[in-house]
Amino acid sequence: MEKRLIKKDALAGIAKKMAGDFLVWAPVKKEDNILFEPLQKDAEPFFAYLNSKNAPKNVFFPHTETLIKYTRTEKGMVFSEDENKAKDAVLFGVRSCDAHSFALLDMLFDQEKYKDGYYIAKRQKTTVISLACVKPPYASCFCTSVDGEPVSSEGADILLTDIGSDYLVEFVTPKGEKLTKYFGDTKADAASETRKTEIVAKAKDAIKSKIPAHEVKPILDKNFDNPFWATIHGKCLACGTCTYLCPTCHCFDISDEVKGSDGVRLRSWDSCMFPMFTKETSGHNPRTSQKERWRQRTMHKFKYYVDNFNAIACVGCGRCVMSCPVNIDIRKIVEDISKL
Amino acid sequence: MQNPYIPYPVVVDKIITEVDTKDIKTFRFKFINPEDEAKYNYIPGQFGELSIYGKGESPIGIASSPTKKGYVEFTVQKAGVVTSALHEMEEGEVMGLRGPFGNSWPLEFLEGKNIVIVGGGFAFTTLRSLINYMIHDDNRKRFCNITVIYGARNPGLLLYKDELDEWGKRTDLNLNVTVDKGDANWKGREGFVPTVCKEVAPSKENAVTVICGPPVMIRFTLPVFFELGFSKENIITSLEMRMKCGIGKCGRCNVGSKYVCKDGPVFSLAELDKLTPEY
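Residue numbers (our numbering), protein chains in the order written: chain A, 1 to 340; chain B, 1 to 279.
Think of the hints as simulated: they come from the structure by calculation, not from any bench. One or more hints might be untrue.
As the list claims (entries may be wrong) - So these bits of chain A aren't anywhere near chain B, every CB distance computed over 10 Å:
#1 E31
#2 K135
#3 C236
Said to hold, decoys possible - In silico BS3-like pairs for lysine-lysine, Cα to Cα no more than 27 Å straight-line:
#4 A:K217 / B:K274
#5 A:K69 / B:K39
#6 A:K339 / B:K274
#7 A:K259 / B:K78
#8 A:K69 / B:K30
#9 A:K115 / A:K85
#10 B:K69 / A:K75
#11 A:K69 / A:K115
#12 B:K274 / A:K113
#13 B:K274 / A:K222
#14 B:K22 / A:K279
#15 B:K161 / B:K14
#16 B:K14 / A:K75
#17 A:K279 / B:K25
#18 A:K279 / B:K78
#19 B:K30 / A:K75
#20 B:K161 / B:K69
#21 A:K75 / B:K39
#22 B:K274 / A:K279
#23 A:K291 / B:K274
#24 B:K25 / B:K169
#25 B:K39 / A:K115
#26 B:K25 / A:K75
#27 B:K39 / A:K85
#28 A:K113 / B:K39
#29 A:K75 / B:K78
#30 B:K232 / A:K222
#31 B:K78 / A:K69
#32 A:K113 / B:K69
Here the structure is a predicted model, which is why all the values come from computation and not from measurement. C-beta atoms are modelled at their ideal positions from N, C-alpha and C, and glycine is treated no differently.
One chain only, chain A, in its complex shape (with noise of 0.2 Å):
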């Protein structure tokens, strides 16, 4: 694998260098928070974050994106498929957990009989360049419950490490190789990788927020209807914002809208925690309440993508813990499972 260093002063400049070649979506701040967007001329990239507000998963799977056109003619309703065309892109400085989120969406939009073609495009033309968490920003960081670590290549093409003055740049992947250009030619020596091999067991040491997310599942294989599910809803106002921040969630409604003679069919997300989910036209609603849907996006994460993908469907970012408005925990959610 190729290895190389570069200063810790370059890294802005070079992600404003490759946003002159190409699409660069990178940390900027806007207003208070910290956002992966396209990195517009003169903007300047923000790498001294934290983690951001929303998972970059909108840059493989839009909040809404145009799946077909049409346009009324006399013959009636004509369609186009999008001229939806995916760039060659750089995501630029995403933290190892959402790294790793994206290996768990291939597995669903990327199967071996229905073919996500907008996602793989997507994924296919962008190049990821991971930002290793050496210190681990938040309490809620969970990455080494839900196999994770904050300094993983798991998901990159490109991996930066904070080695000090330094950062460390492996190229994992070939796609990640395709850049080394950028990255001046400084061969990273041994003694960087000793450092980068203490900071990686001092950063996973520094997770110091744990969850039983294996133990759990053979407990929820076989509690469905324990009454545990009762208890988690109460205060939940199905705001949805756990699933929208989740670099996991992936569920999507599809609508129509047409203005005069054209049209659009877009795919927006969507969420669990939404009661008209899963209404159907008749009025029945197989999730009737709350607890349900609690039942659902804890059982999704923990058991049925581990059905069907054996992998757990959470990286541990702690988003939807930080942001829940009335503090539903899912650490504890899963504590508590452990115990039933």
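Given chain A, put chain B in place with the hints provided.
Okay, now just chain B, sitting in the frame of chain A:
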């Protein structure tokens, strides 16, 4: 790679109003591009997404049999936005069709067995597909006795009346049509589907029941078949859930870890027992 979100353009070739209340119609679609028909290679029990630009999509079971070439049919009740728009359509209009989606009636499992078809009301559509498939000259000898028990609330609500007449004349199909309550012209059987099942009393020997109907019918019919000795492996049904994508991505039609759109809609009772009862 075929984009599964892009509908095939189809023309509404024929519309048949099935019932007296006029809210259930069969729509016959022809593919505008002939090569699309070959791509739409379906098996009885699968479903399609009927796609009306500007309105949306509706997942509906395929009512025609793949043995009928040149078209595909769906029998649709007028209910929500999309199906209401569909009911306003006229022959010759163009719309979209996606699919075919889902698993299917388990044809290989049914082969060489006595088949008992039990249908109620408007849920008879994919069973009609299966019956027409099985009684086709190419397929009939692959299946043993075929018994059909089909009920509706009243004679005016029976679907596919012409076909029922034809099937009634066949000697290789035991057809039992019933209505909850007949009218002045009704000469056929009266009685609820569970009762008729008890009367017909199909043997469990080498037999499989394929059942589709309103929940209340299913609830009272299943005990009849348990009493007749049918095992849960040999009772097959089809589920409905709200769906959007049809390919197991959008996340709303799961029952436990199975997606009804992709892993279903057809399940045996034995399989359903293993799933969470959330449908």
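Hint check:
1. Here A:E31 stays apart from chain B, with its beta-carbon at least about 31 Å from theirs, past the 10 Å limit.
2. Every CB of chain B lies more than 10 Å from the CB of A:K135, the least distance being 35 Å, so the non-interface label holds.
3. No Cβ of chain B approaches the Cβ of A:C236 within 10 Å, the least distance being about 18 Å, so the stated non-interface status holds.
4. Taking the CA atoms of A:K217 and B:K274, the gap is about 16 Å. The hint holds against a cut of 27 Å.
5. Straight-line distance between C-alpha atoms of A:K69 and B:K39 comes to about 22 Å, which keeps the hinted pair within the 27 Å bound.
6. With a C-alpha separation of about 24 Å, the suggested pair A:K339 and B:K274 falls inside the 27 Å cut-off, and the hint holds.
7. Only pairs whose Cα atoms come within 27 Å are accepted, and A:K259 paired with B:K78 is accepted, the gap being roughly 25 Å.
8. Between A:K69 and B:K30, the direct Cα distance comes to roughly 22 Å. Compliance with the 27 Å bound is thereby established for this hinted pair.
9. With a C-alpha separation of about 16 Å, the suggested pairing of A:K115 with A:K85 holds against the 27 Å cut-off.
10. For the hint linking B:K69 to A:K75, the alpha-carbon distance of about 25 Å falls within 27 Å, and the restraint holds.
11. A distance of roughly 20 Å separates the Cα atoms of A:K69 and A:K115; the hinted pair therefore holds under the 27 Å criterion.
12. Pair hint B:K274 plus A:K113 holds up; C-alpha atoms about 24 Å apart against a cutoff of 27 Å.
13. For the suggested pair B:K274 and A:K222, the alpha carbons sit about 11 Å apart, so the restraint of at most 27 Å is met.
14. Straight-line distance between C-alpha atoms of B:K22 and A:K279 comes to about 25 Å, which keeps the hinted pair within the 27 Å bound.
15. A threshold of 27 Å between alpha carbons decides the hint, and for B:K161 with B:K14 the separation of about 16 Å falls inside it, so the pair holds.
16. As the CA atoms of B:K14 and A:K75 are separated by approximately 17 Å, the hinted pair is consistent with the 27 Å bound.
17. Proximity of A:K279 to B:K25 is assessed by CA-CA distance (about 24 Å); at most 27 Å being required, the pair is judged to hold.
18. Of the supplied pair hints, the one linking A:K279 and B:K78 holds, its CA atoms being roughly 17 Å apart against a limit of 27 Å.
19. Proximity of B:K30 to A:K75 is assessed by CA-CA distance (about 15 Å); at most 27 Å being required, the pair is judged to hold.
20. For the hint pairing B:K161 with B:K69, the CA-to-CA distance comes to about 21 Å; that is within 27 Å, so the pair holds.
21. For the given pair, A:K75 sits about 24 Å from B:K39 by alpha-carbon distance, which is consistent with the 27 Å threshold.
22. Our distance criterion of 27 Å between C-alpha atoms is met by B:K274 and A:K279, whose separation comes to about 23 Å.
23. Between the alpha carbons of A:K291 and B:K274 the distance comes to roughly 21 Å, so the proposed pair stays at or under 27 Å and holds.
24. For the hint pairing B:K25 with B:K169, the CA-to-CA distance comes to about 25 Å; that is within 27 Å, so the pair holds.
25. With a C-alpha separation of about 17 Å, the suggested pair B:K39 and A:K115 falls inside the 27 Å cut-off, and the hint holds.
26. Under the criterion of a C-alpha separation no larger than 27 Å, the hint pairing B:K25 with A:K75 is consistent with the structure, at around 23 Å.
27. Between B:K39 and A:K85, the direct Cα distance comes to roughly 25 Å. Compliance with the 27 Å bound is thereby established for this hinted pair.
28. With a C-alpha separation of about 15 Å, the suggested pair A:K113 and B:K39 falls inside the 27 Å cut-off, and the hint holds.
29. Proximity of A:K75 to B:K78 is assessed by CA-CA distance (about 24 Å); at most 27 Å being required, the pair is judged to hold.
30. With a C-alpha separation of about 21 Å, the suggested pairing of B:K232 with A:K222 holds against the 27 Å cut-off.
31. Between B:K78 and A:K69, the direct Cα distance comes to roughly 26 Å. Compliance with the 27 Å bound is thereby established for this hinted pair.
32. For a cut-off of 27 Å, the pair hint linking A:K113 to B:K69 stands: about 26 Å separates their Cα positions.
Hint compliance for this structure: no hint is broken.
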